[in-house]
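Trainee: Dock chain B against the given chain A, drawing on the hints supplied.
What follows is the residue order along each chain.
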Amino acid sequence: MSEGVMAVVKPEMKSYIWLQTTDGSIQQVEEEVAMFCPMICREILQTGMGSSKNYAISLPQRVNPAILGLILDYCRFHQVPGHSNKERKTFNEKFVRMDTKRLCELTSAADSLQLKPLVDLTSRALARIIEGKTPEEIRETFHLPDDLTEEEKLEPLRNITDDPRIRLLNRLYARKRKELKEREKLKNVEVEEERVDERSVDDLLSFINGGDQDSKGVRTTKNKKKNRRRKEQLKHSSDSVDVNYNKELDAAPAACNQGNIDNILVPTRSKTSKLQDSSAVIFSPKMEFDDADIDDDIDPAMKEELDREVEDFARRLNSDWPERMQEILSLGHERRLVPMSINGEGPMSRFSSLGRRY
Amino acid sequence: MEREVGLDQLGDLALHIILSKLGPEDTVRVSCVSRRLRLSTSEDSLWALFCFQDLQLSTPQDHQGNPASSFKAAYQLWREAFAMYPWPLVKRVKRCWDKLKNWLSNDFPEVEATLRSGASESDIQQLETRLKVKLPLPTRLLYRFHDGQERTDEGHSSTWLGSSLGIIGGYSFYNHLVNVYLLPISQVIEGTRMVIRHLGFSSRSKYIVVAASAYRPKKFFLNCTNGQLYVGTSNLPTDGEMIQCVPNALIRSVHDLHGDQQQDAMLLWLEEHGRRLENGIIKVCEEGNVRSISLFPEVPPLCSTAVTNGVQVRASAAFVPELANLQDSAEKYLFAYSIRMSLLPGGCIIDGMTFSSCQLNWRHWIIRANEAIISDVNGEAVIGQFPLLHPGENEFVYESCTPLSSSSGSVEGSFTFVPGRLADPKGRPFDVQVARFPLQKPDYVF
Numbered sequence: 001m002s003e004g005v006m007a008v009v010k011p012e013m014k015s016y017i018w019l020q021t022t023d024g025s026i027q028q029v030e031e032e033v034a035m036f037c038p039m040i041c042r043e044i045l046q047t048g049m050g051s052s053k054n055y056a057i058s059l060p061q062r063v064n065p066a067i068l069g070l071i072l073d074y075c076r077f078h079q080v081p082g083h084s085n086k087e088r089k090t091f092n093e094k095f096v097r098m099d100t101k102r103l104c105e106l107t108s109a110a111d112s113l114q115l116k117p118l119v120d121l122t123s124r125a126l127a128r129i130i131e132g133k134t135p136e137e138i139r140e141t142f143h144l145p146d147d148l149t150e151e152e153k154l155e156p157l158r159n160i161t162d163d164p165r166i167r168l169l170n171r172l173y174a175r176k177r178k179e180l181k182e183r184e185k186l187k188n189v190e191v192e193e194e195r196v197d198e199r200s201v202d203d204l205l206s207f208i209n210g211g212d213q214d215s216k217g218v219r220t221t222k223n224k225k226k227n228r229r230r231k232e233q234l235k236h237s238s239d240s241v242d243v244n245y246n247k248e249l250d251a252a253p254a255a256c257n258q259g260n261i262d263n264i265l266v267p268t269r270s271k272t273s274k275l276q277d278s279s280a281v282i283f284s285p286k287m288e289f290d291d292a293d294i295d296d297d298i299d300p301a302m303k304e305e306l307d308r309e310v311e312d313f314a315r316r317l318n319s320d321w322p323e324r325m326q327e328i329l330s331l332g333h334e335r336r337l338v339p340m341s342i343n344g345e346g347p348m349s350r351f352s353s354l355g356r357r358y
Numbered sequence: 001m002e003r004e005v006g007l008d009q010l011g012d013l014a015l016h017i018i019l020s021k022l023g024p025e026d027t028v029r030v031s032c033v034s035r036r037l038r039l040s041t042s043e044d045s046l047w048a049l050f051c052f053q054d055l056q057l058s059t060p061q062d063h064q065g066n067p068a069s070s071f072k073a074a075y076q077l078w079r080e081a082f083a084m085y086p087w088p089l090v091k092r093v094k095r096c097w098d099k100l101k102n103w104l105s106n107d108f109p110e111v112e113a114t115l116r117s118g119a120s121e122s123d124i125q126q127l128e129t130r131l132k133v134k135l136p137l138p139t140r141l142l143y144r145f146h147d148g149q150e151r152t153d154e155g156h157s158s159t160w161l162g163s164s165l166g167i168i169g170g171y172s173f174y175n176h177l178v179n180v181y182l183l184p185i186s187q188v189i190e191g192t193r194m195v196i197r198h199l200g201f202s203s204r205s206k207y208i209v210v211a212a213s214a215y216r217p218k219k220f221f222l223n224c225t226n227g228q229l230y231v232g233t234s235n236l237p238t239d240g241e242m243i244q245c246v247p248n249a250l251i252r253s254v255h256d257l258h259g260d261q262q263q264d265a266m267l268l269w270l271e272e273h274g275r276r277l278e279n280g281i282i283k284v285c286e287e288g289n290v291r292s293i294s295l296f297p298e299v300p301p302l303c304s305t306a307v308t309n310g311v312q313v314r315a316s317a318a319f320v321p322e323l324a325n326l327q328d329s330a331e332k333y334l335f336a337y338s339i340r341m342s343l344l345p346g347g348c349i350i351d352g353m354t355f356s357s358c359q360l361n362w363r364h365w366i367i368r369a370n371e372a373i374i375s376d377v378n379g380e381a382v383i384g385q386f387p388l389l390h391p392g393e394n395e396f397v398y399e400s401c402t403p404l405s406s407s408s409g410s411v412e413g414s415f416t417f418v419p420g421r422l423a424d425p426k427g428r429p430f431d432v433q434v435a436r437f438p439l440q441k442p443d444y445v446f
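Protein chains in written order, with UniProt numbering: chain A, 1 to 358; chain B, 1 to 446.
Please keep in mind that the hints were generated in silico from the structure rather than gathered at the bench. Treat the hints with care, since some could be wrong.
FRET-style restraints, in silico, Cβ to Cβ [to be verified]:
no., chain 1, residue 1, chain 2, residue 2, range
1, B, S69, A, F77, 20 to 28 angstroms
2, B, L250, A, P117, 42 to 50 angstroms
3, B, E278, A, G82, 54 to 62 angstroms
4, B, G200, A, E131, 29 to 37 angstroms
Straight-line distance between alpha carbons at most 30 angstroms, and here's what the computed DSS-like set of lysine-lysine pairs gives [said to hold, decoys possible]:
no., chain 1, residue 1, chain 2, residue 2
5, A, K89, A, K133
6, A, K101, B, K21
7, A, K133, B, K441
8, A, K133, A, K176
9, A, K86, B, K21
10, A, K14, A, K116
11, A, K116, B, K21
Stretches of chain A that chain B covers, calculated by requiring three or more beta carbons in the stretch to come under 8 angstroms of a beta carbon on chain B [what the hints assert, rightly or not]:
no., region
12, 114 to 123
13, 128 to 141
14, 145 to 155
The C-beta atom is built at its ideal place from N, Cα and C for all residues, glycine as well.
One chain only, chain A, in its complex shape (with noise of 0.2 angstroms):
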């Protein structure tokens, strides 16, 4: 009998259908289970292909022997019609028990087969194991390139994160960057005209990787002067409410009634101190996202220098945090609201000026 000869019926009357993945190996499935796969059902529909050793139907690339194997008990599990809802449910749970990279292939497998409720099982574990970690720790936790610049990496999470060690970075970036264009400022005659470039940090980046020595882009002019001045009259502005507010909460809590009291309530000692702790950290926040729409019209080799001292400074913050935090919260009790200054300054007396945030 030729080989081409439809597939050899077993005694139990069974039919099996033949796959091939990519390092050449072909597989023999039961056909109910193989067909649970809509990529293979398609093929076998559509083309005919899968009834015998020569006509095995083609893997795509990402399925090898091991993962179909995976994707195969998954698939001979869930084709029977008879299992319970809590069935399923508890050989779901049990299945996606497997290390990172295993999983990440069977997502990818299951995807180029098409196998959606399988995608969806296993995107679901690969979404429980990213949840809360820090961009560093997914990045180790997948093998990732880091390829994203500092500032590109800390931009996103500006507004969503309550990390304040982000918070004081993207501060750094907005200080370091007045800095610079200062010191740009000093260097260069003509003044005239404060130019804005509003080109993203990506195109800066291809630019700095040797893209055209012409700067494209809009340019336009702004009144950064109004800027400026805006800023300052926020920090009054934000400087003289502390003041009276801390003022006001020496004053003794002054009740407006003398009478029935039975309804009324007297603010206790504690929730006032407890006001003075965040009434800070209302403003301050304020100041950071003015910092940030601090136009970007540096020369791009300071960038880089920029990028590195940052770095540098992630590096250290992180790696002595607890004792800084330590150090800042003992600073904060004590500490008056103080404006904060804008001089280029040591890390030391950017933390106590912010001290009073904790």
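Mentor: Same frame as chain A, now just chain B:
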């Protein structure tokens, strides 16, 4: 040599599932991992999902309704605009306003139109500077979304219509007409200063006026220190007496920027109001040609219904804090009640005979404080009227009030009707039941 399949190469479907399950904050962290992942996380359909989940947005727009270039941009604009607040609180405050506005757009669009657009941070700061207070966080956010209500200015008869658009609503009985508006910051400042001047509040008190009625002096005060809301009683001018409006135990962390547990009385109060409107507990009522939100409940258990011989009577009461007098033990609280009577389409049926009209002659009330009967009165007419009922007409509605020494009680009674008319009775008088309805000082005082 096989290359390892990275997280960034899983395929679009898988990545979309992973990122949607992770949510916006984790997605942003993923976008900081590598260049390829940054691309995957920029897909706008993902951000459309987040915008919908967090903010119920179906088109990309910023918090003032201006269109944004993409859902991702919109989400970013929202986060930037509210960066100084805990995001869960922002979402909660938005949901609170959305619930109110959804109801208004269906049932009372004239009130929705009075909602002013959000105050800016500097507007709020001005209030805090001028009044020397610090607003609780949830209240700040409430103002960021809407700066109170616009009220057409006094002077003409059309004003009266204008002043029935208070979002909190009210009631009227005898000559006591109340309709409560949420005040914009400018009026909060002015109103609070007036209260300090005229009512002798200390200029350093932390109470600010946040809601008030146009006619009768009903004023709501927010205590900025503890976040509780109070309403002035009849002793407000003399003793600064106020009743708290929200259960104390629910108020927490009003000035705490961290965590997501913050709730102050304003937020809780408005959430409760939204809930009552949404569930039809209170509705828009029309009196004369004027529509307003009525605080008399419309559904059981607070509203009772009884049908006798074809005459239906619905009855419910509302607590009237501004006329309470906590120093008077006998008449500490005042409750207004609304009685609505109508003749069902089948007409008035007595002993198998049908009559096409009937008229009220007497009333009988039994008023209880707790379970003890404190009043058992008989009298002619209701508020001096003898309503004549025909089948299928609109309800005849009237309001009256009763004082009560305790915070809990009830009213029940009956009306004596004659079939036909009083001037021309067609049969014997019969009693129509007014089923018992509660007088209950509520947990949330409006």
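Trainee: All hints are to be evaluated individually against the structure, with a verdict given for each.
Mentor: Hints versus structure:
1. S69(B) - F77(A): 20 to 28 angstroms: Because 47 angstroms falls outside the window, the suggested range is violated.
2. L250(B) - P117(A): 42 to 50 angstroms: For P117(A) against L250(B), whose Cβ atoms are near 43 angstroms apart, the range 42 to 50 angstroms holds.
3. E278(B) - G82(A): 54 to 62 angstroms: Since E278(B) and G82(A) have Cβ atoms about 45 angstroms apart, the given range 54 to 62 angstroms is violated.
4. G200(B) - E131(A): 29 to 37 angstroms: This hint is violated: roughly 56 angstroms between Cβ atoms.
5. K89(A) - K133(A): Given pair K89(A), K133(A) holds - Cα atoms ~26 angstroms apart, limit 30 angstroms.
6. K101(A) - K21(B): Roughly 20 angstroms separates the two Cα atoms, so the pair holds.
7. K133(A) - K441(B): It is violated: about 50 angstroms lies between the C-alpha atoms, which goes past 30 angstroms.
8. K133(A) - K176(A): 28 angstroms, holds
9. K86(A) - K21(B): Holds - the C-alpha atoms of K21(B) and K86(A) are around 22 angstroms apart, at most 30 angstroms.
10. K14(A) - K116(A): 26 angstroms, holds
11. K116(A) - K21(B): 15 angstroms, holds
12. 114 to 123: holds (count 5)
13. 128 to 141: With 8 residues close enough to chain B, the hint holds.
14. 145 to 155: The restraint on the region 145 to 155 of chain A holds, since 7 of its residues have a Cβ under 8 angstroms from chain B and three suffice.
In terms of the numbered hints stated before, the structure departs from hints 1, 3, 4, 7, listed from lowest to highest.
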